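Asks: Protein chains in written order, with this note's numbering: chain G, 1 to 367; chain X, 368 to 606; chain L, 607 to 894.
For the record, the hints were derived by calculation from the structure and aren't laboratory data. Please note that a few of the clues may not be correct.
[Stated by the list, open to error] Reference listing, derived: stretches of chain X covered by chain G, where coverage requires no fewer than 3 residues with Cβ under 8 Å from a Cβ of chain G:
1. 436-450
2. 457-464
3. 467-481
Keep in mind that this is a model prediction, so the values were computed, not measured. C-beta: ideal position from N, C-alpha, C; glycine also.
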Amino acid sequence: MDTSQIVMERSEKKAGGKAAFFSAELIIAVVVVGALALFPGFVSSPYTLHIMILLFLSTINGQSWNLIGGYAGQYSVGHAAYFGAGAYTTMLLLQQMQIAPWFGAIAGMGVALVVALIVGSICFRLRGPYFVLASIAVAEILRLSAMNLKDVTNGAEGILVTELPALTIAGRTITDFSSKVPFYYIGLGLVIVTVLVTYLVQHSKLGYYFQAIREDQDAAHSLGINLSFHKNVALILSALLTSLAGSFYAIYVGFVDPPTVLGLDISVQIVLICIIGGIGTIYGPVVGSLVLVPLSEALRSNLIAESIFKTGLVSETSNVGAFLKENLAHAHALIYGVLVVVVILFMPDGVLGFARKLIVKRKGGRG
Amino acid sequence: MAILEIKHVSKLFGGLAANSDVSFEVAQGSIMGLIGPNGAGKTTLFNCITGYYPPSRGDVIFKGNRMNGLQPDRVCKLGMARTWQKVRPLAKMTVLDNVMVGALCRTNSLKLAGEIAMEQLKVVRMEGKASFLAGGLPIGERKKLEMARVLATTPELLLLDEVMGGLNQSESEEIIQLILDIKARGITQMVIEHDMKAIMRISDRIVVLTSGEKLMEGTPEEVVSNQAVIDAYLGESHI
Amino acid sequence: MIVFSQSLLSGVLIGGVYALIGIGLTIIFGVMRIINFAHGDIMMIGMYLTYELFTLAGVDPFVSIAITIPIMFLFGAIMQKVFINRVLNALPQNQILLTIGLGLIMSNTMMLIYTSDYKILTTDYSSSSVNLFGISVSEPLAISFVITAAITALLYWFFMKTDTGQAIRATAQDREAAQLMGINVKRMSMIAFGLGASLAGTAGALISPTYYIFPQIGSTFTLKAFVITVLGGMGSILGATLGGILIGVAESMSAVYISSGWKDVVVFALFLLVLLFKPAGLLGKSRM
Numbered sequence: 001m002d003t004s005q006i007v008m009e010r011s012e013k014k015a016g017g018k019a020a021f022f023s024a025e026l027i028i029a030v031v032v033v034g035a036l037a038l039f040p041g042f043v044s045s046p047y048t049l050h051i052m053i054l055l056f057l058s059t060i061n062g063q064s065w066n067l068i069g070g071y072a073g074q075y076s077v078g079h080a081a082y083f084g085a086g087a088y089t090t091m092l093l094l095q096q097m098q099i100a101p102w103f104g105a106i107a108g109m110g111v112a113l114v115v116a117l118i119v120g121s122i123c124f125r126l127r128g129p130y131f132v133l134a135s136i137a138v139a140e141i142l143r144l145s146a147m148n149l150k151d152v153t154n155g156a157e158g159i160l161v162t163e164l165p166a167l168t169i170a171g172r173t174i175t176d177f178s179s180k181v182p183f184y185y186i187g188l189g190l191v192i193v194t195v196l197v198t199y200l201v202q203h204s205k206l207g208y209y210f211q212a213i214r215e216d217q218d219a220a221h222s223l224g225i226n227l228s229f230h231k232n233v234a235l236i237l238s239a240l241l242t243s244l245a246g247s248f249y250a251i252y253v254g255f256v257d258p259p260t261v262l263g264l265d266i267s268v269q270i271v272l273i274c275i276i277g278g279i280g281t282i283y284g285p286v287v288g289s290l291v292l293v294p295l296s297e298a299l300r301s302n303l304i305a306e307s308i309f310k311t312g313l314v315s316e317t318s319n320v321g322a323f324l325k326e327n328l329a330h331a332h333a334l335i336y337g338v339l340v341v342v343v344i345l346f347m348p349d350g351v352l353g354f355a356r357k358l359i360v361k362r363k364g365g366r367g
Numbered sequence: 368m369a370i371l372e373i374k375h376v377s378k379l380f381g382g383l384a385a386n387s388d389v390s391f392e393v394a395q396g397s398i399m400g401l402i403g404p405n406g407a408g409k410t411t412l413f414n415c416i417t418g419y420y421p422p423s424r425g426d427v428i429f430k431g432n433r434m435n436g437l438q439p440d441r442v443c444k445l446g447m448a449r450t451w452q453k454v455r456p457l458a459k460m461t462v463l464d465n466v467m468v469g470a471l472c473r474t475n476s477l478k479l480a481g482e483i484a485m486e487q488l489k490v491v492r493m494e495g496k497a498s499f500l501a502g503g504l505p506i507g508e509r510k511k512l513e514m515a516r517v518l519a520t521t522p523e524l525l526l527l528d529e530v531m532g533g534l535n536q537s538e539s540e541e542i543i544q545l546i547l548d549i550k551a552r553g554i555t556q557m558v559i560e561h562d563m564k565a566i567m568r569i570s571d572r573i574v575v576l577t578s579g580e581k582l583m584e585g586t587p588e589e590v591v592s593n594q595a596v597i598d599a600y601l602g603e604s605h606i
Numbered sequence: 607m608i609v610f611s612q613s614l615l616s617g618v619l620i621g622g623v624y625a626l627i628g629i630g631l632t633i634i635f636g637v638m639r640i641i642n643f644a645h646g647d648i649m650m651i652g653m654y655l656t657y658e659l660f661t662l663a664g665v666d667p668f669v670s671i672a673i674t675i676p677i678m679f680l681f682g683a684i685m686q687k688v689f690i691n692r693v694l695n696a697l698p699q700n701q702i703l704l705t706i707g708l709g710l711i712m713s714n715t716m717m718l719i720y721t722s723d724y725k726i727l728t729t730d731y732s733s734s735s736v737n738l739f740g741i742s743v744s745e746p747l748a749i750s751f752v753i754t755a756a757i758t759a760l761l762y763w764f765f766m767k768t769d770t771g772q773a774i775r776a777t778a779q780d781r782e783a784a785q786l787m788g789i790n791v792k793r794m795s796m797i798a799f800g801l802g803a804s805l806a807g808t809a810g811a812l813i814s815p816t817y818y819i820f821p822q823i824g825s826t827f828t829l830k831a832f833v834i835t836v837l838g839g840m841g842s843i844l845g846a847t848l849g850g851i852l853i854g855v856a857e858s859m860s861a862v863y864i865s866s867g868w869k870d871v872v873v874f875a876l877f878l879l880v881l882l883f884k885p886a887g888l889l890g891k892s893r894m
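For reference, chain G alone in the conformation it holds in the complex (with noise of 0.2 Å):
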């Protein structure tokens, strides 16, 4: 075999040619979804299961932005509106009308589908931070408007539900979600769901047009691209992804209000996960939620305060470990402050970037 040949080969492999189908990749990933198809059988600790679950719903929020973000280079930082759509619809639908979740999420994304248009067709005709700031401004219009129309979405005070209707299939009860097990079921699913789309995406046209307009919108336009077409297409398919998050959330955790569903911090949290992880690759937010998540509830249950009074440097009764204890817990957004600041600084392509530059270097500058 010829040079030419090698390279032809090697390089429809990198095209994404059927060559590689059966690559290393595809056999870590069976594996792993296995291992996590099996785990609730072997740990049933329902805060372990628990945190898993806050691992899966990080990791579908970040996968789904990654598409419009990472993928087209079109930051959203109001991707709350559609988590917040979905959350909100399957609330409401089973509240108001019994409706049970799994057909609410669909009514959710059928929402989402509608605010995404809107949001398409009013900013994609904006360069970047313009874009940033329309997207901001619908997530915000959209919260206050749930703070405000009481009748509709119970204003500030939000809506609760505790108990969901069972998941029957031709009159056998699957399960009637009295444990976190079908939650964790589910998340797993929507997890390899979004993966699979990200996976599919790249491999596809979609994917190289998609970058090509992330890394140059007037070049890509040149070649034949329509962006505005694409540009809708990647934010759709973020947003009825994000919705599917926003409505397992709702029932997941039975309470929605408007700052939590559809405020500022989901979004800045969205675009951190995948900021983190690394931008634009598959395993990116899946590194960042594996970030993110553990720092997050070690804040929050105190294990951080806790270990730094059992190393000694502190004292838990003297002020500065009062304080600690006092406030870490609350530090989380603190924390994704100096987080953001020290990987835009010191990491800008996020974890996997970093890690890929440094094997690059080491096998001598080819990309």
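Here the structure of chain G is known, so what remains is to put chains X and L in place on it, guided by the hints.
Replies: Below, chains X and L without anything else, positioned relative to chain G:
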């Protein structure tokens, strides 16, 4: 047969006329040189032709169809492609992926696009760098990459904007050979260039722009011996 | 009729303060092309600074501006030098994220120090009113407007008549050309950010007698500041001034004629409309 007709095209920005009543035709299969001092309106004309913005007045006719107001992606699909004065590589994508983006203009199959892309990379002799990141390439290879990418869209008319800018002697020579090979493939070209020697060698006809207006048009010999052209280029000629 | 003219005038008065915030933001954008998402949080710090000066030293909030301006200027300059400077050539998205991160750090640090309890700064004249053109308006608001007008006039003089001011304008118009002409663009960026920060801090000081003071107040003002600068055209001081007053009036009218809960929705909806139809701003320019 004129593949491109420019009829009284003007482009105004506020009060400034970047192009003023420019008219000429480009014969199919030929190479049309477009020269003029800096600020003469050459790139503006390219932008009007390819739909980056519409002309303020006049018509752009390509293969008998009026192109005014068409978006750049439509223009590309109809068979007209352009390179950029300041190269625009898709930096975080590989060389091969860059060219594939061009090839995907004509096919939905990644496999086919990959094959087309490799062919074009062979034409510009960069097949060995297929897996390199475009952002890390030196300027000469970025220019070649852009040409390969644009060739992958299978254009009938190729607009090259200072594709030799910033290149050394041997790199420029490579590009000139490339342009002649492209001509041999039957693709029409319009070339903006400051390198006079190169333009003289490759062009069938030349259009001269100054201050947004067409100064004259003719064969290379006619243009080079024209007093008005010499005056316009005083101090800049490389003849 | 009285209600109308009252809400109109109040809107204009508060609009003056909004204009100050917007001008600060637009200067930063004009000179560095950076969208400063921490702007509202800088204002918040100005509010707390004013509060402390008042509570600890009994300094009247309007008088304390003399102290707030230089301190906030320094704060902004340091922030620029340490953080913002490093991302001047990064992707705009990353620049925004950096400022978002800095904003999060500021607001949450203040929350750790002060908790999220609302603080109120009450002076003797906090609830007094004054008679302007026969209409009764809040006294602190009226004073703020006068001070704002004075500051804006000073700014105008600074940018038009002083060397530094003109150098900043040159940097905003064409950074490379300014550098070639011997202007220290890095220093101009630092000054511009310091200026923006001190304007934001001053706006905070001015509204502290009339608004609740709490750590999260920043984000609402940041968004409003953006609406104002986009309305007026990013980089245009005149635009930010007009935009501020427009938004002040729109808000005031909405609060009176619709409801105070919806007033922000009106502002954001206006924002989206402008983006849709006149993204370069109502004045149609984007320069300083």
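Asks: Hint by hint, note whether the structure agrees.
Replies: Hints, one by one, checked against the model:
| no. | hint | result |
| --- | --- | --- |
| 1 | 436-450 | holds (count 8) |
| 2 | 457-464 | holds (count 8) |
| 3 | 467-481 | holds (count 10) |
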